[in-house]
Amino acid sequence: MTKSPKIIQIRKNILEDNDINAQKLRDKFKKHKILVVNIVSSPGSGKTELLTKLIPELNKQGIKVSVIVGDLKTENDANRIKKTRASTYQIQTDGNCHLEAHMIENALKNIDWKNSDILIIENVGNLVCPANYDLGENLRIVLMSVTEGEDKPLKYPTMFNSADVCVISKIDLAEAVEFNKKLAITNLKKINPDLKIIEASAKTLTGIKTLAETLIKY
Amino acid sequence: MHELSIAQKIIETAEAELNKQKASNIKKIYISVGILSGVSTEALDYSFATLIKTTPHHNCKLITVETPLKIKCKNCDEITTFETQAELELKCKSCGQSSSNIICGKELKIDKIEINYD
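As they're listed, the protein sequences go chains X and H. With my numbering as the guide, the letters of the first sequence map in order to residues 1 to 218. With my numbering as the guide, the letters of the second sequence map in order to residues 1 to 118.
Each hint should be verified, as a subset may be incorrect.
As the list claims (entries may be wrong) - Derived pair list, reagent style EDC-like, types lysine to aspartate or glutamate, alpha-carbon separation capped at 16 Å: (1) H:Lys106 to X:Glu213; (2) X:Lys12 to H:Glu107; (3) X:Lys6 to H:Asp118; (4) H:Lys93 to H:Asp111; (5) H:Lys112 to H:Glu12; (6) X:Lys3 to H:Glu66; (7) X:Lys190 to H:Glu87; (8) H:Lys9 to X:Asp19; (9) X:Lys155 to H:Glu87; (10) X:Lys6 to H:Glu17; (11) X:Lys6 to H:Asp111; (12) X:Lys3 to H:Glu114; (13) H:Lys74 to X:Asp194; (14) H:Lys106 to X:Glu16; (15) X:Lys190 to H:Glu89; (16) X:Lys12 to H:Asp118; (17) X:Lys73 to X:Glu105; (18) H:Lys109 to X:Asp151; (19) X:Lys6 to H:Glu83; (20) H:Lys9 to X:Glu16; (21) X:Lys30 to X:Asp151; (22) X:Lys12 to H:Asp111; (23) H:Lys93 to H:Glu83; (24) X:Lys53 to X:Asp194; (25) H:Lys106 to X:Asp19; (26) H:Lys70 to H:Glu114; (27) X:Lys155 to H:Glu89; (28) H:Lys91 to X:Asp194; (29) X:Lys189 to H:Glu87; (30) X:Lys189 to H:Glu89; (31) H:Lys109 to X:Glu16; (32) X:Lys12 to H:Glu15; (33) X:Lys189 to X:Glu213; (34) X:Lys6 to H:Glu15; (35) X:Lys64 to X:Glu213; (36) H:Lys109 to X:Glu213; (37) X:Lys82 to X:Asp112; (38) H:Lys72 to X:Asp112; (39) H:Lys9 to X:Asp94; (40) X:Lys12 to H:Glu83.
Hints are computed from structural coordinates only; laboratory data are not their basis.
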């Protein structure tokens with residue numbers, strides 16, 4: 001006899017597997033007292049350049065840093081970061097538009113993370129997809145460069161809402177590109193009223209100390 | 001385009017349940033997608049339609065409910081609802097207080113499935 005169709009209740013997060021993996025990572029990092037920072041932005045906002053200045057500043061204050069960097073292709077970003085002497089590993093996602101928790105778990109085998117105080121994960125440049133994937137981080141930093149336009153937070157609300165800190169990068173170019181800072185901050189606060197905002201420039205080193213102190217105090 | 005991997009996860013989850021129930025095929029999959037989940041329902045529909053063709057459940061329908069964003073004001077306890085992302089500003093419609101206290105609208109959930117035994 002054929003049974004009639006049946007409705008089965010599931011009530012499960014679609015990305016539950018990633019959430020579980022991320023929680024395992026978070027527990028592991030907590031055990032080793034390591035702060036984990038996930039840095040996200042659109043491509044070309046200056047994540048890597050910022051890290052090449054932020055890491056030496058953290059080192060100066062006695063903080064050891066390790067780095068995992070995600071890109072679709074090439075080791076270029078890892079090679080730039082390695083110049084700071086931070087233990088660095090490049091994940092090449094080979095087309096995947098974001099990092100997932102299991103990729104971080106695998107990448108840990110290749111860096112000296114247990115010996116660091118802060119693990120920085122530089123995500124794939126993309127303001128959409130990485131927003132959904134918890135990597136076990138304690139802090140999410142989103143970069144918005146002055147060249148991108150003040151309405152970025154309104155266009156990508158999920159990402160800007162999910163961040164704890166926003167770094168307005170390339171602030172040295174603000175005047176040249178007629179960046180309306182007041183409008184940008186209003187838009188950021190519309191989407192995320194609790195967001196901490198730091199203006200920075202990897203070129204002039206504006207805001208690098210403030211960002212380092214924000215991480216140290218966290 | 002992470003909708004493709006999300007569609008894949010939806011199908012995998014439904015198939016796992018199908019096997020558990022010892023049923024033969026999936027008829028419908030019901031999901032909830034919050035307006036602040038960061039997922040494009042259009043891209044998800046397209047991805048699902050493409051992937052489902054590669055499974056034995058060719059006729060399976062994806063039924064998506066877009067769920068609103070709700071914030072609860074810490075000042076006056078009032079709940080403010082946003083049906084779309086247009087003109088989004090996270091503040092209490094009653095007292096004007098800004099609020100990050102999101103109670104729903106970021107979810108991405110598989111709610112239920114309808115299965116056949118024939």
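Quickly compare the C-alpha distance for X:Lys30 and X:Asp151 to 16 Å and report which way the hint goes. 36 Å, violated
When you check the alpha-carbon spacing of X:Lys12 and H:Glu107, does it fall within 16 Å? 10 Å, holds
Next pair to validate is X:Lys189 with H:Glu87; report whether the Cα-Cα distance is within 16 Å. The hint holds at about 13 Å.
Between X:Lys189 and X:Glu213, is the straight-line Cα distance small enough, at 16 Å or below? 22 Å, violated
16 Å limit on alpha-carbon distance, applied to hinted pair X:Lys190 and H:Glu87: Status holds; Cα separation ~9 Å.
Is the Cα-Cα distance between H:Lys106 and X:Glu213 16 Å or less? 31 Å, violated
Would the pair H:Lys109 and X:Glu213 pass a check requiring their Cα atoms to be no farther apart than 16 Å? At roughly 38 Å apart (the allowed maximum being 16 Å), X:Glu213 and H:Lys109 break the hint.
Under the criterion that the straight-line Cα-Cα distance not exceed 16 Å, is the pair X:Lys6, H:Asp118 satisfied? Cα-Cα ~11 Å, so holds.
Would you mind confirming whether the straight-line C-alpha gap from H:Lys91 to X:Asp194 stays at or under 16 Å? 12 Å, holds
Hinted pair, alpha-carbon criterion (16 Å max): X:Lys53, X:Asp194. Please report holds or violated. Since the Cα atoms of X:Lys53 and X:Asp194 sit roughly 26 Å apart, the hinted pair is violated (cutoff 16 Å).
Given the proposed pairing of X:Lys189 with H:Glu89, does the C-alpha separation stay at or below 16 Å? 8 Å, holds
Would the hint linking X:Lys155 and H:Glu89 be met if the CA-CA limit is 16 Å? Cα-Cα ~12 Å, so holds.
Hint compliance for this structure: hints 1, 4, 6, 16, 17, 18, 19, 21, 24, 26, 33, 36, 38, 39, 40 are not met, and every other hint is.
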